[in-house]
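A.B. asks: Okay, here's what each chain looks like letter by letter:
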Amino acid sequence: MLFNSFAFIFGFLPLTFAVTYLLGRWKQAAAKVALTLMSLGFYAWWRPIHLPLLLGSIVFNYYVGAAIQRAVAAGRGARVNLILAFGLAVDLSALGWFKYANFVADNANAVLHTNFALAHIALPLAISFFTFQKIAYLVDSARGDTLPMRPLDFALFASFFPQLIAGPITHYKEIVPQIDGPLFGKLIWRNVMVGLVIFAIGLFKKTVIADTLSGYANPLFTDVAHGKALDVTFSWLAAITFTLQVYFDFSGYSDMAIGLGRMFGVKLPLNFHSPLRARSMTDYWRRWHMTLQRFIVAYIYQPLSLPLSRLAAEHDLRGWPSFAVEIAIPIFITFVLVGLWHGAGWTFIIFGAMHGVYLCVNEAWVLRHKNRHRKRRRQGLPPLIEKRFEKALYHLITLLAIGYGNVMFRAASVRDAVSVWRGSIGLNGAYDPNMSLQQGVELAVVILLGVAIVAFMPNTQQIMRRFVPAYNAAEWVDVAPAMLSWTWAPNWAGLLFAGVTLFLGVMFIQRGQAIFLYFNF
Amino acid sequence: MLQLNARRKTLLILGIAFLAAVAAALLPDDPYQRWQLLDGTIQKNARWIYERTNFDPTPIDVAVLGPSRSAADVDSRKLEAALTELGTPAHVVNFSLPEAGRDINYAAARELFKTKSPKVLVLGVTEKPSRFGHPAFKYVAPSWLVADPGYFINLNYLSNLIYLPYRQMELFLADLWPPLMGLTKTFDPATYRGSNIDTTGAQFFPNSSGSVPASHAELMRGVHKLEKGMRPPILPASLRDVEFGDERHYIREIAELARARGTRLVFLNLPFYSDSDTIQEEPFYQEFGDVIDAAFLASHPEWYADYGHLTAHGAGILTAWLAPTISKELGKAK
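Protein chains in written order, with the working numbering: chain A, 1 to 521; chain B, 1 to 334.
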């Protein structure tokens, strides 16, 4: 079920709200049972055949997690590692089978000239998200960061519908204390009001902005897939409109998830913090899909980086060789895996590799700057201060890098992405005379509006800062302040804003319920 | 600052959203632009229906209204020629639109009777009417008709109603700046499709010529699918007006429009291939006009392009069979 559907907004949500809070008045456990069952129903609505997979994952990880916790409590480190390895192997095998088996078979056949046939395996909805959540849970358990809990609490933690389909990817410590707290299941209208406003903002981002942009981006990429070579104008339009679309789509979804979580008394972690205002790729990845980023840092990058750092130290590597081993290699491998996580296809792998290279270049640049600063300090010179022009240039370079990467992410094939890249540097012609003035004006308005919102407007958590809208909002609300500052308050202006935003968000569903881009992962 | 509690504020937000929806639904529109909303869909003839009734001074003597079967099966141009041959020359139009639901026929009938005085109105019917209204009704019907369809238990009511604010906002903007929405306010005779357009054969089946009969296996596949989806009446006969509200209410409304203009009403049943069912609503239809049953078609697989729609050749046969009846009705008309 999509958050941006009438079935969800006028059916599932009010029903779940009523059932949860009515039962919550009687018993907290009853509210949890209701919310868990409704969440499972929410998942099954899409493709009921995959519900057993989710249920199996919940049951399996609950028992493996409990076994790890017992081993941790008994101080049996080897046993902890063994059970953890078993749990991760099963989770990753399931993910690998459902998501990558066809891709591996196709590529093996292409390389080995074989005809190994594998029946088409349908990708279960949200498998990447719920598998990552379980992996995080098992690793957290092995690190002693979780406590034993009742099956019901785990089932709710693992299936809580606002975050089930496309994140945020949550950790035990963020969610379980909240659903185990005395207030869970009690109707607190402040939470409902705040959640509703956040949901409205997210819905507006999705249906009004992202879906409008998709109306421009999709035909352009479809044209490319049909062999059309886009000229320089349309190539850039494809890159810009898709970059804005994916941002508003996924950040809109994340807002809706956070808003819905809040309506049910759970503060979810942030997933976006104005990433297109970033001035470096490192900064961008700190603020784009934040819960995935922290997952890959904690569970992929660090485990790769630590032994490589030891290796560099053992071989007494210094300077750039040390940089290559300690930083560049783990970053590159991590981001190739991030690309692969997004989908089983070469476009995603290249997308990941591109971001790996971007980040390596970024880190190298930072290292070079640090060296220069050190040198100047030694020479007794004042530190270099970034000029406004330099800042703007960094921002522009970051946006260009993101745009080029997103073309690869969106294109149906590597060939299509290369065609758009070629177009963007004028190799397919400078101007398409078929573009009408009206099209030009419409596109300019849409892009300018999107860019203005990204550049000047506060993001959702900054708008809602008075109400601590998310689990980790306090860490972020003062980061990258917007040029125009506005904080939502429950006065007439605020209520009017929320009501009209909600109205427009719901009304624009009528244009057609476009799937969230991240539902594909 | 308002001193309200969060519960009241939440309800206020919902209330404001609701009021905004009501205000948007009340925005004025240009009906010509409304009938263009289905351009580029299988209901694309909607624009032509409006243009034919509102901008083309050619009279309409015989009009056909109904679902996809009457669009594919009745060749209005051949009917016009046949009526001339029979000595009752008449201007014929086929305003049928694909998919079932009588409400959209009523919306088209309102346009028809606003400007024309047809002598005969042929309403295409099938073995069982739909319990639902037409899915495209919400695009072309005036706001008041969407808001108040005039009968109890309209199964499409909520989905139609919720579309209204968005549609009116779109039409309002289109009225202010037509190119923005790609909806014109000015009738262009150069692009007008003419007084009588063909709705059969290749026109009905855009992905094929519409002239090749389907294989028996294909026909039976379609028939089985159709029969599987058919449900006999659930409620007792006394509650047919509730269960089949869309069909019965709008047939009455169309009959009322026809009566006011002195138009004769004829019901034409078009069977699917191998159909041997009785016409469920026949007694009801007979209250308003004669029912002509083209049951002879059902045993001729060679005339069907799919389970329920005739090839261009089949449409020619049906039209030739229909012409004498319509000619007689024209003779009876004042």
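The hints are simulated quantities; they were obtained by calculation from the structure and are not laboratory data.
Check each hint, because a few of them may be wrong.
Quick list of simulated restraints, FRET-style, between CB atoms [as the list claims (entries may be wrong)]:
hint : chain 1 : residue 1 : chain 2 : residue 2 : range
1    : B       : Lys44     : A       : Pro14     : 34 to 44 Å
2    : A       : Arg415    : B       : Arg193    : 49 to 59 Å
3    : B       : Glu99     : A       : Leu449    : 49 to 59 Å
4    : A       : Phe6      : B       : Ala6      : 17 to 27 Å
5    : B       : Asp293    : A       : Pro48     : 38 to 48 Å
6    : A       : Trp46     : B       : Thr325    : 50 to 60 Å
7    : A       : Ala7      : B       : Leu14     : 17 to 27 Å
8    : B       : Lys44     : A       : Pro151    : 30 to 40 Å
These figures come from a predicted structure and were not determined experimentally.
Glycine included, every Cβ here is placed at the ideal spot set by N, Cα and C.
A.B. asks: Would you mind marking each hint as holding or not holding in the structure?
C.D. replies: Comparing the hints with the structure gives:
For Lys44 (chain B) and Pro14 (chain A), the hinted distance range of 34 to 44 Å is satisfied, since their beta carbons lie about 37 Å from each other. At roughly 41 Å, the beta-carbon separation of Arg415 (chain A) and Arg193 (chain B) lies outside the given 49 to 59 Å, and the hint is violated. At roughly 37 Å, the beta-carbon separation of Glu99 (chain B) and Leu449 (chain A) lies outside the given 49 to 59 Å, and the hint is violated. Separated by about 26 Å at the C-beta atoms, Phe6 (chain A) and Ala6 (chain B) satisfy the suggested range of 17 to 27 Å.
At roughly 43 Å, the beta-carbon separation of Asp293 (chain B) and Pro48 (chain A) lies within the given 38 to 48 Å, and the hint holds. Between Trp46 (chain A) and Thr325 (chain B) the Cβ separation comes to about 52 Å, which falls inside the hinted range of 50 to 60 Å. Taken as a hint, the range 17 to 27 Å holds for the pair Ala7 (chain A) and Leu14 (chain B), whose Cβ atoms sit roughly 18 Å apart. A beta carbon spacing of about 56 Å between Lys44 (chain B) and Pro151 (chain A) contradicts the range 30 to 40 Å that was offered as a hint.
Comparing the model with each earlier hint shows violations of hints 2, 3, 8; every other hint is respected.
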